[in-house]
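Mind docking chain B on chain A? Use the hints.
Read top to bottom, the protein sequences are chains A and B.
Following my numbering, the numbering of the first sequence begins with 1 at its first residue and continues without gaps.
Following my numbering, the numbering of the second sequence begins with 393 at its first residue and continues without gaps.
None of these hints come from the bench; they were simulated from the model.
Be aware that a few hints might be false.
Some chain A residues near chain B, calculated using beta-carbon distances under 7 angstroms [to be verified]:
hint, residue
1, G97
2, S110
3, L127
Chain A regions said to be covered by chain B (calculated; three or more residues, Cβ under 8 angstroms) [unchecked claim]:
hint, region
4, 62-71
5, 111-117
Every residue gets a Cβ at the ideal spot worked out from N, C-alpha and C, and that includes glycine.
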Amino acid sequence: MDKQEKMDQALLEVRNMTVGFDTERGQIRPVRNLSISIFPGQTVALVGESGCGKSVTALSVLRLIPQPPGRILDGEVWLEGRNLLSLEERQMRQVRGKEIAMIFQEPMTSLNPVFTIGDQIAEAVMLHQHVSSRQAYEIAEQSLRDVGIADPGRRLYEYPHQMSGGMRQRVMIAMALSCQPKLLIADEPTTALDVTIQAQILELLRKLQREKGMSILLITHDLGVVAENADVVGVMYASRIVEFATVEDLFDNPQHPYTEGLFKSVPRLGHRGQRLDTIPGTVPNPARFPAGCKFHPRCTRTRQAAMKEHPSETVEIKSAGETANVLRLCAQEEPVLREVKKGHWAACHLIDDFKAAPITPPVLQHRREVVPRTVEGGDKGILVTAKEEFRQ
Amino acid sequence: MSMMAPSISVVPDSDVAEISRSLWGDAWKRLSRRPSAMICMGIVAVYLLVGLASFLPVFDRKIEQAVADGYQGPSFKSFDRLLGTDIQGFPVIWRLLYGTRVALLITIFASVLSLGIGVTLGIVAGYFGGWIDDIITWLFTTVSSVPWILLMIAMVYALKGRMFPWFVIENRRPHFAWAEMDPTVMIILALGLTDWVGICRLIRGEVLKHRERDYVQAARAAGVGTGRILSRHILPNVFHLVIISFSLGAVAYVQAEVVLTFLGLGITGRPSWGRMIDDAKLELLRGVWWQAVAATAAIGILCLALNLLGDALRDALDPRLRGAD
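Bound conformation, chain B alone:
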């Protein structure tokens, strides 16, 4: 130690001299090293693109154009007949592609709704504690004590057939009018308002942990206000949970649409994967299998990809694994 110079500046270690990487940079690097994760991400991206494309008006036309007689099997004669036709001769392939629109709408908006509610309540409960925590904890324990499928069905029944004020555009004139709720909106509300419990509980627990961390104390000692501590210091530290929940929650939402529609509570008036399976339950007895297989495969592949991706994200974002590679 006698060799130590009187100067007290610190020489950087050579092994930290690489480029700076953030938490997200690190996670991306770890994710990109897993081929299965990248394949799944590719699959999800394809679904996303198809889902976005399905908003084009051409899809609305195609699903209502009979291309052949009813119940024609799959054939390679034309793209329209690739997956056969349904009872009215409408092309199954277009119905399937159109179904991604519904799936995408439901997944995105139900996730935004449920994650928004769950994250907000979770952070507030975890950070403030006391009676605020008591109320929120009571709320989510109560909600979670009812089986969610029952709760969701009850909610759909409550919303079904009622008139709500809607913002509509008629003859290019936007105005409010009373109308029945669109089934897609109904499913989004039912899912979003019942499914926030899981993420809320998760976030609350994590915030309880971070609240006591020294960096939060240090931020307060530097004069940072409560709102800023929550949004800038705590939220980014728990945000990986939101991403994982989104990925795994999407699976549940796609499935929930199918379940609700199969029970006759979901989508009406336009094709969705749930409707296709619902239609197919009678067709199968007559040996018409293509509609059921197409919809099931579409759901199965998406769910598998999202599940695997969710797992990979969980591994990649797990702070305990940081620096392990």
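So here's chain A without its partners, still in its complex pose:
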């Protein structure tokens, strides 16, 4: 297989995955019918509010959801021709850390407090590579150097409490990359860090991705992070992907009312003295998903459409303490993800010609052109600068 062919083949392919959790109130499904493909060298972002299922998706790919109560009810996860869901636990352990590595949101608690940094990285190395402990330490030192930690030889012998949050996240990244994984799952890698450190870590991830050619599944709720790093974006709402497109396409031309709402709720530079738009209501609890489109109780688009529609086609709903009229269609039938435009998927009845759009698996090979930039820091809104870049 030549290199180009390899680049054209999806590294990770999640097909129609549904995850269930058994609770006292019955089974809930934090992830439903999710499909996503990640190509070599690509960064795919999953965006959504807390509780929309994006972290469960990430953990399910590695089969790390607590079982019981969790269970992957349906679907397949293909990694280079192997279905991870049918592997033995022992084989799965070989995948974790070696083929797919993961970094977490909280660098302050992701490192074991009683061992040195070097011990922990070396442990990860020795699990997957047949090397002596001295060689493992050398690899650990090199990977600390790779993530831009000064004086790595000494840092190896330090404990996590001697480091700042940004440094610990670098250590986590170093540990994750020490075995040269093909895919890095980054679950909100910058959420717990302050803005300047965020920018540094994002820049670091981009740089390492360029150097090592790995893929990244980036889980975040921060549109600024998406604009900075993602090639392709899936917007998740209430356990499903509701919109899937390239980052440029999504920012320029959002199709789903939820995505629109997200963009409106981000502050912009130069707009003084206006109230920020918010999406009314809250994310539904997975135990009490509404019927029909999961977003209809909060959706402004269906309300506006209902005003023009004949009353027989609308229903009255209660949402966030108010009553509102929405389209009967939205309240009763859940839209599936359709390719509404070439290379742009969305799930909303009110998109023009939605019924006629084909149902295709969301696959985008797009990789953005590399724009080498230096970090300028937190005084400029990251989202705005990045969006400006696309517009030009």
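Just chain B now, with coordinates in the frame of chain A:
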């Protein structure tokens, strides 16, 4: 922020440039700053040394050599008579020193047994949860619902006078033979098999907390297996509880030996602190106080030192106090 160089390497803060200290290093440093803790540690060390020395054969001879008439008071005439003599004229000082052997044996082995059971069950229950946790929780709630002294006495009665296969060395030939259980072994078993509840509950709770910590999740995401997560990641994080329990448990074991022996269920055939107090209960009526005072003082000083040391260890190892100094 415009001054920030394009390079993204991180310059180490100067204030973290001191020598690396581990959790245990930190704890030791904090402990060594408390004079009372160091004194207690010294006292415990002396007991430990005497206890080890008391395995020398000279002790076995000395406790059965009458040095004077019975019930002679303490005198400075010779070391043997420093604490007087008992009813048969045997030297109390040697009986007292020999008693540390029994105390040491019981403390070490009962602790190993009870901590071993408690820690293993606690970690398994806390980490795996579900029905495994249910069974272990049921077990330790049941055991702890019976007053431990009753349970222990019941166990001693159950073991007493029964024949067990023992590994014995006779005429330099090791072989198995049926024999009655040595009272010391009996007390060790009774203590070890009843006293694991406290540490088990403690460890289970702590493991429940650590199980959900991100570093455990991170270890699993790196492909670390369950056994390794338990032994390398969780156990070291809860091990300070084991040390504290050991220090405080030792007090209880020394006392339990005395209580059981005083009740006539414990050590027979050789001197122990419990036996000395048991013997002394009749002597006291006749004004013979030295044996009672010697044994009580030996127990009292050891228990005080262990208690204070346990407290100091708890403070030194408390993760919440880390970085406070």
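Just to be careful: measuring from the Cβ of A:G97 to every Cβ in chain B, is the smallest value less than 7 angstroms? 4 angstroms, holds
Tell me whether the statement that chain B covers the region 111-117 of chain A is true, taking a Cβ distance below 8 angstroms and needing three residues at minimum. holds (count 6)
Closest C-beta approach of A:L127 to chain B relative to 7 angstroms, hint status: 5 angstroms, holds
Three-residue Cβ test at 8 angstroms for the coverage of the region 62-71 of chain A by chain B: Check passed, 3 qualifying residues.
Per-residue hint verdict: A:S110, partner chain B, C-beta under 7 angstroms: 4 angstroms, holds
In the structure shown, no violation is registered for any of the earlier numbered hints.
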